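> Please arrange chain S on chain A, whose structure you already have, making use of the hints.
Protein chains: 2
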Amino acid sequence: MKFCSECGNTVVHRIPEGDNLPRFICEHCDIIHYQNPKLIVGCLPVWNEQVLLCKRAIEPSYGLWTLPAGFMENQESLEEAALRESREEANANLDIQNIYSVISLPHINQIYVLYRAKLLDLDFYAGSESLDVQLFNEADIPWEQLAFKTIERTLKQYFEDRTQNTFPTHTSVISRRNRLGEKKDIIR
Amino acid sequence: MKFCSECGNTVVHRIPEGDNLPRFICEHCDIIHYQNPKLIVGCLPVWNEQVLLCKRAIEPSYGLWTLPAGFMENQESLEEAALRESREEANANLDIQNIYSVISLPHINQIYVLYRAKLLDLDFYAGSESLDVQLFNEADIPWEQLAFKTIERTLKQYFEDRTQNTFPTHTSVISRRNRLGEKKDIIR
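Residue numbers (numbering that gives the first Met the number 0), protein chains in the order written: chain A, 0 to 187; chain S, 0 to 187.
Just chain A, same shape as in the assembly (with noise of 0.2 Å):
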């Protein structure tokens, strides 16, 4: 950030009183511009033993698979954004389940939440942003050609929690180091 969006004159980077970061900030408007980490909400929608991948028809990781998900809007619930994305990339219907896994990626300020979702009917098709939509059964899962690692991660604890048939909420953190391939274990 360089300049107010408020009033277009320079902002300067510093501590402001009362507080311990460095901040942008606009002397002419008195304004702090916080910057916040963004959500990346979706589903991971379930048919009977197969779960809905997409392929990803645009960049970062182009042609690599992940489930439906994508960055929260303002003016929606999570479970809108995780129902809307799904519906944008995959042209699929659901019921969310429950809220299922939610993993920070501190280096790059972004946060998933995916929900577990019941796949309603299999109408589904590739949206603008999809190259290609299947199911896969577990033995299927193109683990070497997934997007990302929160959605490996998601996967891997579906088919685990799938053996107890208990679906609960999963919170974890992935880390700049866990690139490397030290991976952080699930924290709970």
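Everything labelled a hint here was simulated from the structure, so no lab data went into it. Computed from a predicted structure; not experimentally measured. Keep in mind that the hints are not guaranteed to be accurate.
Since the list gives no way to pick one copy over another, a pair counts as held whenever it fits inside one copy or between any two copies.
What the hints assert, rightly or not - Calculated pairs, BS3-like style, for lysine-lysine (alpha carbon to alpha carbon, straight line, at most 30 Å):
| no. | residue 1 | residue 2 |
| --- | --- | --- |
| 1 | Lys54 | Lys155 |
| 2 | Lys37 | Lys155 |
| 3 | Lys54 | Lys117 |
| 4 | Lys54 | Lys148 |
| 5 | Lys54 | Lys37 |
| 6 | Lys148 | Lys1 |
| 7 | Lys37 | Lys117 |
| 8 | Lys54 | Lys1 |
| 9 | Lys1 | Lys37 |
| 10 | Lys148 | Lys37 |
| 11 | Lys117 | Lys1 |
| 12 | Lys1 | Lys155 |
Coordinates of chain S only, in the frame set by chain A:
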């Protein structure tokens, strides 16, 4: 938003190609300035039968009681944010137990994420954003002096869950309509 935060030129507000919502766009930088909901993250600190509340020293809801929570920062995980806010507002030493209450407030573009947490000692005291910090038994909760509906809902849910000694993650929505008294049910 009136000006591009990267170049200081005036932005336009229109639907970008391939999108379906109007965005603030800088036609000089060719940047779309997305605006997204913010996360408010905190804890429900528990000591035996009691829960810890903070009396707010800042607006909004100055003088009313709340759980320690605040805007999530970049570069931190949800759990780190929850613990940081609890330290800042109540100097509370906590162990996080589980993600407990997730509430969307679409009319103000906020998502609350509150963790159930175990208070480790009684060395808590008011931080600069609190007038007071106290432990409350269920019978003594100041229901009429709670700062936010999210806090009321979370506390009610907690005392209800405690009768079963089971604390699953609850997600729900508080919409503008609810502020007029019409209350949506907790949806899962």
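> Each hint needs a verdict: does it hold in this structure or not?
We went through each hint and held it up to the structure:
1. In this assembly of identical chains, Lys54 and Lys155 lie within 30 Å of each other by CA distance solely inside one copy; the values are 18 Å within and 43 Å between copies.
2. Proximity of Lys37 to Lys155 under the C-alpha cut-off of 30 Å is found in both arrangements, the shortest distances being 24 Å within a copy and 29 Å between copies.
3. Only within a single protomer do Lys54 and Lys117 lie at most 30 Å apart by alpha-carbon distance; the minimum there is 20 Å, versus 42 Å between protomers.
4. For a Cα distance limit of 30 Å, the shortest separation of Lys54 from Lys148 inside one copy, 15 Å, qualifies, whereas the shortest one across copies, 41 Å, does not.
5. In this assembly of identical chains, the alpha carbons of Lys54 and Lys37 lie at most 30 Å apart whether taken from the same copy (23 Å) or from different copies (29 Å).
6. With identical chains, the CA atoms of Lys148 and Lys1 are never at most 30 Å apart, being 32 Å at best within one copy and 37 Å at best between copies.
7. For a Cα distance limit of 30 Å, the shortest separation of Lys37 from Lys117 qualifies both inside one copy, at 26 Å, and across copies, at 28 Å.
8. Taking the shortest Cα distances, Lys54 and Lys1 never come within 30 Å of each other, neither inside one copy (37 Å) nor across copies (37 Å).
9. In this homomeric assembly, Lys1 and Lys37 come within 30 Å of each other (Cα to Cα) both inside a single copy, at 20 Å, and across copies, at 22 Å.
10. Both within a single protomer and between protomers do Lys148 and Lys37 lie at most 30 Å apart by alpha-carbon distance, with minima of 17 Å and 23 Å respectively.
11. In this assembly of identical chains, Lys117 and Lys1 lie within 30 Å of each other by CA distance neither inside one copy nor across copies; the values are 45 Å within and 42 Å between.
12. Proximity of Lys1 to Lys155 under the C-alpha cut-off of 30 Å is found in neither arrangement, the shortest distances being 42 Å within a copy and 45 Å between copies.
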